[in-house]
Amino acid sequence: MSTKEQNERIELLQGTLDLLILRTLLLGPAHGHAIAKAIEFRSDEVLQVEHGSLYPALHRLVKRRWISVEEGTSENNRLAKFYRLTPKGKNQLALETSKWGKLTAAIAQILRATE
Amino acid sequence: MNLRKRMLNDLDREIEEHIALETQDNIDRGMSPEEARYAALRKFGSVVRAKEETRAVWISVWLEELVQDIRFGLRTFRKSPVFVTVAILTLALGIGANTAIFSLIDAVMLKSLPAEDPSQLFLVRWNARNAPNLHGYMSSGDCPSDLRFGAKNPSGCSFSEPMFREFEQAKVFPGIGGFANAGTLALTGHGPATTVTGQMLSGDFFRTMGIKAAAGRLLTASDDTVSAPPVAVLNYAYWQSAFGGSQDVIGSTIELNSVPFTIVGVAEPRFNGITPGSDYDVWLTLSNDHLIGQSSLFAQTDRRNDAQQWWLAVVARVAPGTSPAQAQAVLTGLFRNGTLHGDQPLFNSGEAPAKPQPIIHGQLRRPDPGSRPSGSPNALVRLKPLQPPSAPGPTTAIPQADNPEITLVSAQEGLGGIRSNFSNPLYVMMMAVGIILLIACANVAGLMLARASARRKEMAVRLALGASRVRVVRQLLTESVMLSAFGGILGVLVAYWGARSIVAFVSHNSRSEGFGFHVSIDLRILVFTLAISVFSGILFGLAPALRSVRASVAPALKEGEASSNAPKRRGARWFNINNTLVVSQMALAMVLLVGAGLLVRTLQNLRNIDVGFDSHNILIFSLNPELAGYKHAQVNSFYRDLQGRFTETPGVRSASYSMMPLLSGGMMMTAFHWPGTPQEKMSESDVLHVGPNFFETMHISLLQGRNFGTSDFAAASASLTPGSNKVRTPVIVNRAFVQKYLDQENPIGKQFGEFAGDGFRPPSPGYEIVGVVNDTKYGNLRRAVSPMMFTPQTSGAAAFELRTAADPQAVLPAIRKVMAEVNANMPLFNVQTESQQIDRILFQERLVARLATLFSILALVLASIGLYGLLSYEVSRRRREIGIRMALGAQTGDVMRLVVKQGIALAVVGAVLGIGAAIAAARYLSSMLYEVRGHDPGTVIAVALLLVVVSLVASVLPAKRATRVDPMVTLRYE
Chain L
1 MSTKEQNERI
11 ELLQGTLDLL
21 ILRTLLLGPA
31 HGHAIAKAIE
41 FRSDEVLQVE
51 HGSLYPALHR
61 LVKRRWISVE
71 EGTSENNRLA
81 KFYRLTPKGK
91 NQLALETSKW
101 GKLTAAIAQI
111 LRATE
Chain G
1001 MNLRKRMLND
1011 LDREIEEHIA
1021 LETQDNIDRG
1031 MSPEEARYAA
1041 LRKFGSVVRA
1051 KEETRAVWIS
1061 VWLEELVQDI
1071 RFGLRTFRKS
1081 PVFVTVAILT
1091 LALGIGANTA
1101 IFSLIDAVML
1111 KSLPAEDPSQ
1121 LFLVRWNARN
1131 APNLHGYMSS
1141 GDCPSDLRFG
1151 AKNPSGCSFS
1161 EPMFREFEQA
1171 KVFPGIGGFA
1181 NAGTLALTGH
1191 GPATTVTGQM
1201 LSGDFFRTMG
1211 IKAAAGRLLT
1221 ASDDTVSAPP
1231 VAVLNYAYWQ
1241 SAFGGSQDVI
1251 GSTIELNSVP
1261 FTIVGVAEPR
1271 FNGITPGSDY
1281 DVWLTLSNDH
1291 LIGQSSLFAQ
1301 TDRRNDAQQW
1311 WLAVVARVAP
1321 GTSPAQAQAV
1331 LTGLFRNGTL
1341 HGDQPLFNSG
1351 EAPAKPQPII
1361 HGQLRRPDPG
1371 SRPSGSPNAL
1381 VRLKPLQPPS
1391 APGPTTAIPQ
1401 ADNPEITLVS
1411 AQEGLGGIRS
1421 NFSNPLYVMM
1431 MAVGIILLIA
1441 CANVAGLMLA
1451 RASARRKEMA
1461 VRLALGASRV
1471 RVVRQLLTES
1481 VMLSAFGGIL
1491 GVLVAYWGAR
1501 SIVAFVSHNS
1511 RSEGFGFHVS
1521 IDLRILVFTL
1531 AISVFSGILF
1541 GLAPALRSVR
1551 ASVAPALKEG
1561 EASSNAPKRR
1571 GARWFNINNT
1581 LVVSQMALAM
1591 VLLVGAGLLV
1601 RTLQNLRNID
1611 VGFDSHNILI
1621 FSLNPELAGY
1631 KHAQVNSFYR
1641 DLQGRFTETP
1651 GVRSASYSMM
1661 PLLSGGMMMT
1671 AFHWPGTPQE
1681 KMSESDVLHV
1691 GPNFFETMHI
1701 SLLQGRNFGT
1711 SDFAAASASL
1721 TPGSNKVRTP
1731 VIVNRAFVQK
1741 YLDQENPIGK
1751 QFGEFAGDGF
1761 RPPSPGYEIV
1771 GVVNDTKYGN
1781 LRRAVSPMMF
1791 TPQTSGAAAF
1801 ELRTAADPQA
1811 VLPAIRKVMA
1821 EVNANMPLFN
1831 VQTESQQIDR
1841 ILFQERLVAR
1851 LATLFSILAL
1861 VLASIGLYGL
1871 LSYEVSRRRR
1881 EIGIRMALGA
1891 QTGDVMRLVV
1901 KQGIALAVVG
1911 AVLGIGAAIA
1921 AARYLSSMLY
1931 EVRGHDPGTV
1941 IAVALLLVVV
1951 SLVASVLPAK
1961 RATRVDPMVT
1971 LRYE
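Read top to bottom, the protein sequences are chains L and G. Just so we're aligned: the first sequence equals residues 1 to 115 in this note's numbering. Just so we're aligned: the second sequence equals residues 1001 to 1974 in this note's numbering.
Read the hints as simulated data drawn from the structure, not as lab findings. Where a beta carbon is used, it is the ideal one built from N, C-alpha and C, also for glycine. Some clues are possibly wrong.
[To be verified] Partial selection, computed: residues in chain L whose CB lies under 8 Å from chain G:
id	residue
1	Ala-30
2	Gly-32
3	Arg-42
4	Glu-45
5	His-51
6	Ser-53
7	Tyr-55
8	Val-62
9	Val-69
10	Glu-70
11	Gly-72
12	Thr-73
13	Asn-77
14	Arg-84
[As the list claims (entries may be wrong)] With a straight-line Cα cutoff of 30 Å, these simulated DSS-like cross-link-like pairs (lysine-lysine) come out:
id	chain 1	residue 1	chain 2	residue 2
15	L	Lys-37	L	Lys-90
16	G	Lys-1631	L	Lys-63
17	L	Lys-90	G	Lys-1051
18	L	Lys-63	G	Lys-1457
19	G	Lys-1457	L	Lys-37
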């Protein structure tokens, strides 16, 4: 993932993409491309997913049974895999969101203190 | 598992679709299709990496689960230590036995030759339609020769030195080496006189094989010339043991057969001789052949320059990437040219009748009793004279061409050495240990089943909680593979110990002093162990694992353990997997027991053979005065002197000597013309040169005629002297000779073998029979008694036989003292008792019988444990039933019968099935058996009884436990 400008590149913490995917799927099932687009759109194009990195993350979430897969038809009218948040995944999202909140708050506090 | 496969299978399509959608988006934004696709790809990043990372996700998850399974397995193991211990020990024995035998097979059959890039090495072999016309042919036992008296299509791998030198000079190979056994050499000049085994090599041999020196230097081409000073290279192990690995040895001098040799170096440790299993102490150059007297044993001429003496094995290195076919064609050309168009045509070229040459040394070729060709019983010196390729005659008809050819065969396969002696027993043993592994697996499977019943509730709970069946089976299989992995680790230790014991037994008992094969646990063996561990883990684990998830969840949860006692059809109760496992264990054990029984019977039969002489209390040792400088004529009186001194030694009853001892593994044969048969027909007989008093000393009874007297030895000596061809050699023949050749005729005074000479063989006065003795076994025990003639020995090497009053070993110090007085520089070879010698020629039978007995006992014990385990489990499972029976008035005896009956029934069914399998399997043993048939009823009945008795014992223990069931307790239970 990188910002639009090369010099503003931000290294995201590991697992962040997982969190973003889960959050995106909270709105409803989506296929891989749609998920990528949604993340970009919802971050005002600040966060751009390198689309290739999406798939290992999706598979990891499937294996952990946080999301499930079903067959569907894409805009192109072709068979595609749709990913859907499972109840387990919903719990995980809540957990991760609160963790994320605590983490960013803590880091922000430290950064403010040292400024 | 399925999810993973489905996800990964669809990944390509998914990624393609993703890029297509992105491209479409970009087009919608106004890009050109090409630009759009390029941007989409850039945005996606590396497709390959995405795929790899996705796959890695699944692998890491799989590993995580594996670690989970292993942790869980270890926890459950801790809860049932007895089960785990029994299972691991059983598997350790099964896997260990397999690994031990495999490590022997690896060492004997599979190890690559001790050379650089051994795949480039090729053995040079010849073949033709008829035997070549030779003065002598010797095979050192490195590779099989098929050259029999008058047989068609002979082949072999020995060549004359002139032929080899032509091959060498043809320069079609990057390297070519010739070699021959130098036999046992007397070593003096380094402590007391002793013997070493030596091999002669061509100068370029070490370079061709790519052998390095561990110290000093190796033999080079410049050493292999007649004018070069004699030099020797030592075997590393011999250097360590005899010289303490001292560097000072390099440059020092030792005497071999009284010839001084300078030690120039030590070969690298892995090299004991190029042929697997060979074990030489020193290496000399071919140029020393005549010096150490090896040549003179086979011909009075120097065999080095004789194109009609074939004695060198030849191995060539073929340049990498080139086919041996071209070199083969060149060698065939040289070989044809040398053998068809040389000074003496050795084969029939088909152009003109061949002119056979005289066999210079007469019809008998003398072996060297000191020479021990690779210690192989198969490598005995071939003494049959070779028939001329075709009978010469006035006919002008052109005989068929012999068409001699050269083939290059991979040295790895061609240089069999003594491998072939071991291959059959090793494969039989591999089958035996394979059966043991099956029994061990069946045994552990039985244990797992019993345990699975105990864990039914656990499994049901896990299934009910939503664990997939596949996941549960995987968990259970992980547990079984863990068990077998532990078994495998212990098994490697068992194998290490077992293989060492077998090697120790072989080296103490085989005819050679050393076992040239180096058995070690290497990577190949560890991979083998790993493979059979995993294989057996799955083998014994799969059925129980599948069974435990097949169970329906509800009843197991509701009723607990007692549910397994649900009423079943009577037939189904008997034909269940537990009983089947025990029956198959019994049947497999029966196969091994029958095999072991047959091999033990074979050994007994061989031991009980009437050898025709008294083999107890005889001390044997060989010596060769000619190697210590005695001249031909002096040898006779030297032997008489020794014989006299030995006879006077306290403890010795009588003493004699012969060219080789009886039952030494080696033998000689001769061919002669029998009067009344067609002139060109040759008759055969075994032959042995003996000293005075031989028959009295060996206790061989004289049936007719007389013993050899002084005049007979004089006559025999005279018949060897050229020019005095009037005296017939007096011979004593055995009964088989009389039966075959004389029928009703009086044998005494019969003359035969007279030969007028025909231009290419000198005239011979032949033999005259002076006595008839009882039949004796000669070369080995298995060979049937054949016609045999004894002739007076007057020269050459000899083996002394001393008949002692008590333990033959006890007189040895006195004998050594006598020898020291007579000549301190004459080492004694092969000092042993006749009984030890018989043990040695039976060593393979003893090894096989011993191992088979060990393995069959192991199999029986494992099968009994299996039976015991099953019955114990049944007793605990049927505790309630037994309690009810006892409450209803069943007596102790009734309860015991209930259990024992099942045990015996299983054993008997197993034994009956096993007998059938054993008789079928015994066919593979038939070549190893002696005077016992594969379905020998005595053996079969005896081992079947043994099996049933042992099963009875295994059944009584759980039956006793059943009688201790307290009806009050069991009825209240649950």
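Any of the earlier hints contradicted here, and which numbers? 1, 3, 4, 10, 11, 12, 13, 14, 16 and 19
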